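Protein sequences appear in the order of chains U and P. Each residue of the first sequence is one higher than the one before, counting from 19 in our numbering. Each residue of the second sequence is one higher than the one before, counting from 486 in our numbering.
Any given hint might turn out to be false.
What the hints assert, rightly or not - Selected chain U positions facing chain P (Cβ under 7 Å, derived; list incomplete):
#1 H134
#2 K135
#3 Y171
#4 L179
Don't read these hints as lab results, they were simulated from the structure. Predicted model, so just to flag it, every value in this text is computed and none were measured. C-beta: ideal position from N, C-alpha, C; glycine also.
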Amino acid sequence: MSQDPAKPKTKPIKSNIFDIVPAPKELPKNVLQKNFERVRGTCAGGEGFVQVGIADLFINWCRKSSLWYLFYATACCGIELMQGGASKYDFDRFGAVFRATPRQADMLLVCGTISHKMAERVQRLYHQMPEPKWVVAIGACTITGGPFYKDSYCVVKGVDLILPKVDVYVPGCPPRPEAFIEGIMNLQKLIMQTKNFGGQKA
Amino acid sequence: MKPLTAQEIFEKLKGKFGAAVVELQAEGFNPPFVVVAPGSIQAIGRFLKEDPELLFGSLMCTSGVDYKDKFAVAYHLHSMKLGHKIGIKAFLPHDNPSIPTVDVVWKAAIYQERETYDLVGIVFEGSCDPNRILLPDDWEGHPLRKDYKYPEQYHGIKI
Chain U
19 MSQDPAKPKT KPIKSNIFDI VPAPKELPKN VLQKNFERVR GTCAGGEGFV
69 QVGIADLFIN WCRKSSLWYL FYATACCGIE LMQGGASKYD FDRFGAVFRA
119 TPRQADMLLV CGTISHKMAE RVQRLYHQMP EPKWVVAIGA CTITGGPFYK
169 DSYCVVKGVD LILPKVDVYV PGCPPRPEAF IEGIMNLQKL IMQTKNFGGQ
219 KA
Chain P
486 MKPLTAQEIF EKLKGKFGAA VVELQAEGFN PPFVVVAPGS IQAIGRFLKE
536 DPELLFGSLM CTSGVDYKDK FAVAYHLHSM KLGHKIGIKA FLPHDNPSIP
586 TVDVVWKAAI YQERETYDLV GIVFEGSCDP NRILLPDDWE GHPLRKDYKY
636 PEQYHGIKI
């Protein structure tokens with residue numbers, strides 16, 4: 019097969035993140051444009067506006083791409099978690115690998131029934147995780163108590179009763195690993211909307 | 486040595502312990518139950534384990550039963566060597582139900598008696614570990630009793 023030597027074989031790849039020259043008129047009309055936000059701040063030179071949109075985008079992109087989760091399972095949802103982390107579904111494609119200690123984890127996947135005796139341990143694990151941290155409630159038991167909602171003296175009726183926040187709920191009894199992946203992707207969308215810099219918006 | 490029937494086991498116990506062995510509940514029970522007096526449960530258990538014709542080496546299950554006016558403790562025994570089974574049952578009064586422990590005979594009784602105490606509230610006298618096993622240590626009441634009232638909350642968490 020003959021090829022025209024004048025034509026390049028492949029199109030040059032342009033990175034969406036690093037090749038931006040901060041001139042708002044020349045920006046491509048894509049998601050980056052609305053990320054251009056300015057925050058009022060002070061520094062040694064005086065008070066002024068700081069361009070934080072790209073910094074926000076970069077930080078969020080870093081965070082969503084390395085969501086390390088705590089390897090923590092209390093019931094049958096944990097079996098699906100193990101399958102999801104194994105080779106067939108492979109959460110590592112989304113940057114999610116398991117950590118054996120909460121000190122290194124970004125994300126707490128609460129997999130399975132939480133009894134009142136276990137509730138204090140879940141709270142302790144949550145508070146041992148460094149900020150920023152996210153919680154995903156997996157399965158019917160962690161959302162409402164599931165089959166133990168009525169006439170159970172020992173099951174916590176939803177993990178949002180004991181933790182300060184739950185970011186994503188994944189229903190199912192137990193959910194399949196595909197549902198886990200969808201939950202992780204939803205959490206990544208959530209992280210991309212985070213504003214990391216406080217202060218007055220310009 | 487061949488496996489014994491429940492009737493033979495009951496007669497053997499009756500001959501050894503006399504009035505401490507009350508009756509044989511054979512109809513509708515599998516395995517059949519021998520009802521004994523609570524006070525002699527340790528001696529009967531040791532005899533059941535060590536007698537060469539019985540050799541009940543395995544305590545499979547310890548249950549607490551609430552009959553509303555009385556309690557019962559049921560022990561399921563199995564002999565690995567001879568292959569026969571029997572149940573031992575002891576009735577206890579509803580207020581202050583207590584029975585001597587059998588963990589000096591079968592070590593497996595430790596966890597089973599802790600669970601029976603935890604959920605039904607039967608006290609095993611002389612137990613080497615008389616604590617709860619499933620519920621938190623500061624839990625009030627015994628949930629599998631018929632007259633158990635659910636608490637409103639536990640440590641501030643709604644139940």
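Do the hints match the structure? See the list:
no.: 1; hint: H134; verdict: holds, 5 Å
no.: 2; hint: K135; verdict: holds, 5 Å
no.: 3; hint: Y171; verdict: holds, 5 Å
no.: 4; hint: L179; verdict: holds, 6 Å
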